[in-house]
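K.L.:
Construct all of the structure, not just a fragment, from the sequences and the given hints.
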Amino acid sequence: MLLIKNGRVLDPASGTDAALDILLDGDSIARIAEPTGARDRNEAPARAEEFDATGMIVAPGFIDLHCHLREPGGESSETIETGTRAAARGGFTAVCPMPNTRPVNDNASVTRSIVERAAAAASTRVWPIGAASTGSRGEGLSEIAAMQKAGIVAVSDDGKPIATAKLLRQVMEYCQALALPVIDHCEDPSLFAGAVMREGRQSVRLGLTGMPAAAESIAVGRDVQIAELTGCHLHVAHLSARASLELVRAAKQRGLRVSCEVTPHHFTLTDEDVIYDTHFKMNPPLGSQEDRAALIEGLSDGTVDAIATDHAPHEPASKQVEFDRAPFGVTGFETALALALELVHAGRISLSRMVELFTSGPARVLGLTRRIAAGEPGDLTLFSTDRAWTFNSEDSASKSRNTPFHNRKFRGAPMATIVAGRVVYRREA
Amino acid sequence: MQRLRHLLGTESLTAEQITFLLDEAKPFQEFQRHPLKKLATLRGKTVALAFFEPSTRTRISFATSASRLGADTMNLQAETSSLKKGESLLDTVRTLDAMKPDCIAMRHSSSGAAAFVASHLDIPVINAGDGMHEHPTQALLDALTIRDRRGSLAGLNVTIVGDILHSRVARSNLHLLAKFGCRFTLCGPAMWLPREFEGLLGDIPVRRTADIDEALQGADVIIVLRVQQERMHEPALPLDEYILLYQLTAERLRRAREGALVLHPGPMIRGLEIDPAVADGPQSCVLEQVTNGLAIRMALLFLMIGTGTESGAPKGTSHAAD
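Which chain is which? The protein sequence lines are A and B, in order. In terms of numbering that gives the first Met the number 0, the first sequence opens at residue 0 and continues consecutively. In terms of numbering that gives the first Met the number 0, the second sequence opens at residue 0 and continues consecutively.
In short, the hints are calculated from the structure, not lab data. Predicted model only: the values in this text are computed from it and were never measured. Mixed in with the good hints, there may be bad ones.
Cβ-to-Cβ under 8 Å is the rule here; a few derived chain B residues that face chain A [claimed, not checked]: (1) G85; (2) S87; (3) S110.
Beta carbons are placed, not taken as given, at the ideal position from N, Cα and C, and that holds for glycine.
P.N.:
This is the structure:
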């Protein structure tokens, strides 16, 4: 048993914001109570281990809807063990790895191997996402139902869009019946072709091929219409453009089952930050100042459902190349919360909204609930809103170092991560 | 004047630095006319020429400049390099660096490649063209050519015609000439002329037009860009269409100021982007540009890797022969 004492419990889903103690028993939350004073010490189970959360926020366990753990096949960049250790250091209690591994997670045996490996080595829960099409090649449906039985929580051909409107329709019709969300990496391949960053003043200045925002929003428009046609839940991955956000907002207003996620790098940086440093190269690329402002607006007003990291590790050598030859992707687990807190400190989103975006928001995308209540899973994220620290990528638990936030100074940090009643990460004092 | 650490582009140069470089190039211009073209100024120095993209004129210009200064050269060409065998750019240039050259002049098809290499090596890097980004020695030799003919760079109306989007020559010229108060008109097919060019120089206005007659009106200097035929397929534009709308003909040239200068970075394709009558006409500076390329590159090498104890740039004939 573990007693989390003296913390401020902040759980938007149950409307809780109070100084409460939480008792975890086994892998679940056993009890939530007013802080135990001397008078009722007898009530506290004598054998409970205590965790002093003084000065900390105690939130439901954070969920990351979008990451790449690279196992199987890319173990030189990341493994389920190292990736989830980094996730735990970032305050995440559950992460959803995308299927673009080698082999692609497009059948139940790959899914099972990921689930088994996670059971043996992961610090957090691992909820795999299965490929929508075989090999994510965009030709025919993968074994979605079998993968669902093995543990996938959604499907996606992430890294690229679900190839055609027709295939997307089939996938969505099929997943509608299975109650699985379809997550799409929205991109028009012909407009994207050759691009290494967002098209704009900076791409023209640097002489790098740019992608117009429309390359994303055209695909979002397609997807929203197929979602309407099929009634299936569409989740837009790593949304980066104002025009895409407006399409999602309009779809929601019309009552469609459309959700979206935004990454910390997209709400923090812009294309103006790209100066040939491959640690600023990811797909979708960093957008304009206008896009960034729109994304923050969307985070605040509820158009955006979740903050997702798109943690995409690449081993150092692969990023130490010419900008146009470097792979897309940046790591993100360990900086996500601190970057979101920057928005809170700047008064752009409230603290409880931020917690939603990491907890009940992503849970709802997966058809789950996430709240602090007796009987719920013992997953908690404890963080400080004002702990000063500097992120040093050399200290990262990830196998990779490809972050644009090396040496960034932060205010606020994950302090402890509890998964199934067990402390999997605790920040050193 | 502080020694230039690297030359990666003209964007980061100041007007003072540019003027200094052009002034330093003057004696080297004279020198090219000398019967014995060999100095001892950089004797014992080695210039690495790393050309990861096919190039003839720029590579020969650098090699000749180094040689005329008495320096040795190390040559790496893409065709023969280990890049074909899968070695990374970084490993390749580190290998070159281990042979202890005093500087490296490099060309590469990736924008930012020179800056990337400069951030990993201790020796000076001269960008001899990086992708669509910059080609600073070209802009410097263009500036030298223009200044010679016009006496000054100040306040000129400069028109650049062609595939602006993909042109490192255009970018380097814009950044350089902007520092001398030039006014710019960019002209070409719209898909090669994104509106973002209007903001490239900050507050300095850049006019865009798809109409060459309008673009040439009042021009003091016309820079004609090479038509990269390999790009014609990319947003498909028929060559004949380009010739029809954008070829610099003698008739069109009459719209420019009298005696307007015509520059072309080469290689030039007669009958495509330029009418032979213009290419060979009195307003054409094409061959001067080539000769000035030597003067600029010699001045640069001298300033960047000279030890400072040499007798310096040639004055008259006394240092010419070695």
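K.L.:
Hints first: check each against the structure and report whether it holds.
P.N.:
Verification of the supplied hints:
{"no.": "1", "hint": "G85", "result": "violated, 12 Å"}
{"no.": "2", "hint": "S87", "result": "holds, 6 Å"}
{"no.": "3", "hint": "S110", "result": "holds, 4 Å"}
Going through the hint list in order, the structure does not satisfy hint 1, though it satisfies all others.
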